[in-house]
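Number of protein chains: 2
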Amino acid sequence: MTDATTTEASRSARELAREVLIHGPISRSELGRRLGLSPASLTRLSKPFLDLGLFVEGVEEQKGAIGRPAKPLDVRVDARRFIGIKVTGDDVLGVATDLRATAQTRAAHALGGHDVAAVVEAIAAVVREVAAASGTGDLTDVAGVGLSIGGNVAGRRIVKRAPFLEWRDVPLADLLERELGGLPVTVENDVTALTTAEQWFGAGRGLPNFAVVTIGAGVGYGLVMHDRVIVTPDSGLGLAGHLPLDASGPLCIEGHRGCSTAMLSIPGICAQLGIALGREVRYDEVLELAEAGHPLAVSITTAAGRALGRMLAYIANLAMVDTVVLSGEGIGLWRVAEGAAREALAADRDAEASPLQLHVDDAGFVSWARGAAAIAIEDAFARLRLSA
Amino acid sequence: MTDATTTEASRSARELAREVLIHGPISRSELGRRLGLSPASLTRLSKPFLDLGLFVEGVEEQKGAIGRPAKPLDVRVDARRFIGIKVTGDDVLGVATDLRATAQTRAAHALGGHDVAAVVEAIAAVVREVAAASGTGDLTDVAGVGLSIGGNVAGRRIVKRAPFLEWRDVPLADLLERELGGLPVTVENDVTALTTAEQWFGAGRGLPNFAVVTIGAGVGYGLVMHDRVIVTPDSGLGLAGHLPLDASGPLCIEGHRGCSTAMLSIPGICAQLGIALGREVRYDEVLELAEAGHPLAVSITTAAGRALGRMLAYIANLAMVDTVVLSGEGIGLWRVAEGAAREALAADRDAEASPLQLHVDDAGFVSWARGAAAIAIEDAFARLRLSA
DNA sequence: CCAGTTATTTCTGCCGTAGAAAGAATTCAT
DNA sequence: ATGAATTCTTTCTACGGCAGAAATAACTGG
Chain A
1 MTDATTTEAS RSARELAREV LIHGPISRSE LGRRLGLSPA SLTRLSKPFL DLGLFVEGVE
61 EQKGAIGRPA KPLDVRVDAR RFIGIKVTGD DVLGVATDLR ATAQTRAAHA LGGHDVAAVV
121 EAIAAVVREV AAASGTGDLT DVAGVGLSIG GNVAGRRIVK RAPFLEWRDV PLADLLEREL
181 GGLPVTVEND VTALTTAEQW FGAGRGLPNF AVVTIGAGVG YGLVMHDRVI VTPDSGLGLA
241 GHLPLDASGP LCIEGHRGCS TAMLSIPGIC AQLGIALGRE VRYDEVLELA EAGHPLAVSI
301 TTAAGRALGR MLAYIANLAM VDTVVLSGEG IGLWRVAEGA AREALAADRD AEASPLQLHV
361 DDAGFVSWAR GAAAIAIEDA FARLRLSA
Chain B
1 MTDATTTEAS RSARELAREV LIHGPISRSE LGRRLGLSPA SLTRLSKPFL DLGLFVEGVE
61 EQKGAIGRPA KPLDVRVDAR RFIGIKVTGD DVLGVATDLR ATAQTRAAHA LGGHDVAAVV
121 EAIAAVVREV AAASGTGDLT DVAGVGLSIG GNVAGRRIVK RAPFLEWRDV PLADLLEREL
181 GGLPVTVEND VTALTTAEQW FGAGRGLPNF AVVTIGAGVG YGLVMHDRVI VTPDSGLGLA
241 GHLPLDASGP LCIEGHRGCS TAMLSIPGIC AQLGIALGRE VRYDEVLELA EAGHPLAVSI
301 TTAAGRALGR MLAYIANLAM VDTVVLSGEG IGLWRVAEGA AREALAADRD AEASPLQLHV
361 DDAGFVSWAR GAAAIAIEDA FARLRLSA
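Sequence lines, in order, name chains A and B. Heads up: the first sequence at position 111 corresponds to 111 in the UniProt record's numbering, and the numbers run straight through without jumps. Heads up: the second sequence at position 326 corresponds to 326 in the UniProt record's numbering, and the numbers run straight through without jumps.
These are computed hints drawn from the structure, not numbers from a lab. A few of these clues could be false.
[As the list claims (entries may be wrong)] Partial pick of chain B residues on the chain A-facing surface, computed with a CB cut under 7 Å:
1. 74
2. 112
3. 225
4. 232
5. 234
6. 240
7. 247
8. 251
9. 267
10. 314
11. 315
12. 317
13. 320
14. 353
15. 354
16. 356
[Stated by the list, open to error] Ranges between beta-carbon positions, derived for each pair:
17. A/253 with B/163: 17 to 25 Å
18. B/285 with A/382: 58 to 66 Å
19. B/14 with A/14: 17 to 25 Å
20. A/335 with B/163: 20 to 28 Å
21. B/255 with A/8: 55 to 63 Å
22. B/116 with A/357: 32 to 40 Å
23. A/178 with B/102: 40 to 48 Å
24. B/205 with A/382: 26 to 34 Å
[As the list claims (entries may be wrong)] Quick look at which bits of chain A chain B covers, simulated, 3 or more residues with Cβ under 8 Å:
25. 241–253
26. 350–357
27. 365–377
Every residue gets a Cβ at the ideal spot worked out from N, C-alpha and C, and that includes glycine.
Let the hints inform the model, and build the full structure from the sequences given.
Shown next as structure tokens:
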């Protein structure tokens with residue numbers, strides 16, 4: 001794979017690639033300031049990326065400025081294609097993306113069961129489907145496949161524990177690479193993957209420190225500090241899913257009263273209204289009823305908003321971040337509960353403290369698959385060899 | 001100050017100094033492994049420190065090992081002296097320390113009021129007193145003075161806001177440097193300083209990620225991630241001082257029910273028992289009564305322990321650390337409330353999660369002054385010039 | 001058209017590091 | 001005891017990455 005004239009990307013080269021991916025188009029002189037490098041170094045470092053066709057020199061914009069106009073560097077977003085897949089207990093959702101994890105096509109398959117071979121086959125089918133619907137339609141020009149999964153993942157290859165799939169120690173990357181003829185596959189915890197996507201391409205783009213809260217089947221939590229996504233051996237255990245938020249709230253399935261899952265997750269909220277109404281309710285319906293002013297729905301979503309606000313206060317005060325990104329397929333709650341959340345946040349936070357920046361990523365389910373693609377992109381850059 | 005043959009310490013030199021300070025005595029080969037440098041580099045980098053007399057080559061220990069025994073590097077702890085000062089609203093406590101912030105002498109003065117000039121004079125008096133009682137007794141061979149203060153500090157020189165002293169925008173470092181004849185003075189928030197001391201010389205020694213919780217006049221919180229103490233513009237506002245921990249707890253002075261200050265601070269705990277007994281109680285007395293089984297004291301300290309356990313769970317889950325250091329002059333609470341705290345921690349934390357490591361620094365008030373000295377030491381190393 | 005300004009490239013030298021090999025100080029086996 | 005093996009440290013040399021200076025380029029505004 002690696003001939004004699006290529007070498008592993010240096011630290012500076014990797015930082016350059018990251019900066020252009022996140023902030024491009026961006027001029028060499030601006031890059032020099034950000035990375036603390038001289039203009040000379042920028043010329044040298046960017047050359048191999050231009051030669052490879054990964055970077056392009058954009059046209060100078062910004063008229064009116066004095067002096068020679070900059071020729072900003074940017075990634076050629078269609079230089080590579082990636083596929084991101086989110087696997088839940090019920091289905092497989094896939095997207096084909098460009099180099100900035102922008103989804104171009106999507107596809108989904110329902111899962112019949114949790115048998116490993118069957119799931120691998122379903123994933124492979126989704127991969128082939130989204131690949132066929134994008135680019136040349138050929139799998140061979142896909143640069144990588146990312147897989148995101150709710151659970152604990154080791155070394156980006158092995159699923160240690162996935163409660164929704166009832167899996168333990170499944171070498172998913174190996175299995176899928178075999179199935180896909182050697183295409184590089186990377187597996188990561190879903191919240192970690194989504195956090196990476198927000199950091200590189202989403203609402204946390206370029207921020208050195210921020211947290212991510214996801215609302216969906218459960219409540220997820222991710223943290224970025226010093227430009228790095230925090231991954232611990234406990235990542236994927238959903239430790240932020242059972243924070244006590246409301247001493248008079250309902251119980252979750254594990255018996256925690258008013259915990260984040262009971263108060264904020266889609267099943268938690270649906271169950272609360274369902275019990276009150278004596279029938280099953282869909283999540284969309286809860287939100288619609290709340291918007292229409294239905295007293296029970298309003299009461300439940302307002303309590304959820306207050307719980308979310310309190311959770312945000314805990315995060316701001318303990319993780320010491322000034323920005324939180326809200327995402328997940330259940331983030332529609334924000335539409336009806338933003339007021340209650342902001343009120344509770346303000347009550348639990350010092351008046352002199354700098355305000356917490358909140359960003360909502362409302363792409364819903366696609367965000368998860370996009371996160372998987374971001375992991376594949378990160379991996380592809382880590383594998384990159386540049387000519388000397 | 002800087003002659004032509006000296007130059008600013010390189011990144012590797014600074015990392016070497018830090019590693020030896022934290023882990024010395026330590027052999028060059030072990031240092032090479034830790035810092036990712038070749039043995040050759042270690043020889044080169046450590047030479048200027050040996051020439052300056054800051055490092056010594058220890059005697060080889062550890063018999064029984066095969067091969068040439070290592071001559072471990074260590075800092076010469078008495079090569080420099082530092083002074084650390086903690087300023088509260090009521091008094092000034094100072095210690096003289098060696099290069100590892102080990103306190104050798106101490107002194108304290110009560111403050112009559114909060115007038116800036118008077119406080120500066122009191123600090124200077126404490127500095128002179130501890131200097132006179134240690135080393136040569138001369139101020140001139142003190143390498144630096146560190147000051148730690150409860151409040152918001154800018155640029156390690158200006159006190160932006162110190163509620164206990166009722167100060168705003170006091171250029172304390174400048175004032176004190178003038179008073180002390182140009183001796184370098186560094187000012188830092190007390191929790192940040194204490195956190196640095198724990199990281200370099202204390203219970204968090206060498207850990208890349210951990211949190212610090214202090215119990216004292218208030219409740220403090222510090223965070224270390226990726227080997228760096230997290231400092232935000234909000235540091236010193238005491239944001240973790242009003243976390244809701246017990247919905248049925250007492251109110252704090254700002255009206256938060258069952259917040260960390262109400263449940264855990266020395267005044268909070270004394271007030272609870274004081275109200276119940278109808279008389280003033282000292283903190284020591286509360287702890288003694290609780291140890292003796294006094295029902296009210298036990299009830300109050302047990303509730304405090306439960307609140308502390310819950311706070312630790314929030315920290316572990318949201319700051320994503322696996323270690324917490326407990327410190328502060330009120331940490332004696334741990335003696336009587338450890339059981340309740342650990343129980344509450346376990347209840348709020350997933351059974352599969354890795355256990356939270358807890359370290360108690362029971363040096364009490366001296367820890368605060370030691371923190372100030374650690375800041376002075378950190379600064380002295382940052383100022384260091386090495387011969388080329 | 002020319003001066004002023006800013007961006008980028010080319011050239012050269014320096015600094016920090018690694019690699020190889022030598023040297024040093026010990027243990028272990030015979 | 002003596003040599004072999006092992007491990008640590010130093011010396012020497014070469015190289016990669018970076019900065020600084022100067023040259024070149026591309027624009028604005030008078």
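So, going through the hints one by one against the coordinates:
{"no.": "1", "hint": "74", "in the structure": "violated, 30 Å"}
{"no.": "2", "hint": "112", "in the structure": "violated, 28 Å"}
{"no.": "3", "hint": "225", "in the structure": "holds, 5 Å"}
{"no.": "4", "hint": "232", "in the structure": "holds, 5 Å"}
{"no.": "5", "hint": "234", "in the structure": "holds, 5 Å"}
{"no.": "6", "hint": "240", "in the structure": "holds, 5 Å"}
{"no.": "7", "hint": "247", "in the structure": "holds, 4 Å"}
{"no.": "8", "hint": "251", "in the structure": "violated, 14 Å"}
{"no.": "9", "hint": "267", "in the structure": "violated, 18 Å"}
{"no.": "10", "hint": "314", "in the structure": "holds, 6 Å"}
{"no.": "11", "hint": "315", "in the structure": "holds, 6 Å"}
{"no.": "12", "hint": "317", "in the structure": "holds, 4 Å"}
{"no.": "13", "hint": "320", "in the structure": "holds, 5 Å"}
{"no.": "14", "hint": "353", "in the structure": "holds, 5 Å"}
{"no.": "15", "hint": "354", "in the structure": "holds, 6 Å"}
{"no.": "16", "hint": "356", "in the structure": "violated, 10 Å"}
{"no.": "17", "hint": "A/253 with B/163: 17 to 25 Å", "in the structure": "violated, 44 Å"}
{"no.": "18", "hint": "B/285 with A/382: 58 to 66 Å", "in the structure": "holds, 60 Å"}
{"no.": "19", "hint": "B/14 with A/14: 17 to 25 Å", "in the structure": "holds, 23 Å"}
{"no.": "20", "hint": "A/335 with B/163: 20 to 28 Å", "in the structure": "violated, 39 Å"}
{"no.": "21", "hint": "B/255 with A/8: 55 to 63 Å", "in the structure": "holds, 58 Å"}
{"no.": "22", "hint": "B/116 with A/357: 32 to 40 Å", "in the structure": "holds, 35 Å"}
{"no.": "23", "hint": "A/178 with B/102: 40 to 48 Å", "in the structure": "violated, 59 Å"}
{"no.": "24", "hint": "B/205 with A/382: 26 to 34 Å", "in the structure": "holds, 32 Å"}
{"no.": "25", "hint": "241–253", "in the structure": "holds (count 5)"}
{"no.": "26", "hint": "350–357", "in the structure": "holds (count 4)"}
{"no.": "27", "hint": "365–377", "in the structure": "violated (count 0)"}
Hint compliance for this structure: hints 1, 2, 8, 9, 16, 17, 20, 23, 27 are broken, all remaining hints hold.
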